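Student: Sequence:
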Amino acid sequence: MTEPATTTSAAATAGGIMIAGLATGLPAELIFPAFVGALWSLRTATEGSAIARVTQVLIGTLAAAWMAMPVTLAAASFVPEAASISPDILRYPVAFALGWGGLSILLDRIGRLMGGPR
111 MTEPATTTSA AATAGGIMIA GLATGLPAEL IFPAFVGALW SLRTATEGSA
161 IARVTQVLIG TLAAAWMAMP VTLAAASFVP EAASISPDIL RYPVAFALGW
211 GGLSILLDRI GRLMGGPR
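Convert by adding 110 to the 1-based position in the sequence shown; the result is the number in our numbering.
Source of the hints: derived by calculation from the structure; they are not laboratory data.
These figures come from a predicted structure and were not determined experimentally.
A couple of the hints might just be wrong.
Stated by the list, open to error - Pairwise CB distance ranges, derived in the manner of DEER restraints: (1) Glu157 to Ala193: 41 to 47 Å; (2) Trp150 to Ala192: 19 to 25 Å; (3) Thr154 to Pro190: 30 to 36 Å; (4) Ala193 to Ile161: 19 to 25 Å; (5) Ile215 to Ala130: 29 to 35 Å; (6) Ile169 to Pro203: 16 to 22 Å; (7) Gly211 to Ser159: 21 to 27 Å; (8) Ala186 to Ala138: 19 to 25 Å.
Glycine included, every Cβ here is placed at the ideal spot set by N, Cα and C.
Taking the hints into account, I'd like the entire structure generated from these sequences.
Tutor: Here it is as structure tokens:
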């Protein structure tokens, strides 16, 4: 059985992310894959407080949803095979990958720059 506090905080985080994303003009269909990617990256993250984890997911989700479309359009110029795929279809896996990679890779590098464990 899950802990009630965990379920409540997860629901509050998901609702807050959707409201924040829509208020900033992000496409709603990109928020969910970015959110799932950010949650997936918490599996490899170090343990932290609940506030730290919620903040990581919030920042990862909003950043991934914001960057998904420009990265999708840029992929056509870097990878010739991506030019044959419609950007409307490619943006969902890109949002997931940015949500996952943004937290699991970027936060690790930022921690190292700030003097964390190497």
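Student: Of the numbered hints stated previously, which ones are contradicted by the structure, given in increasing order?
Tutor: 4, 5
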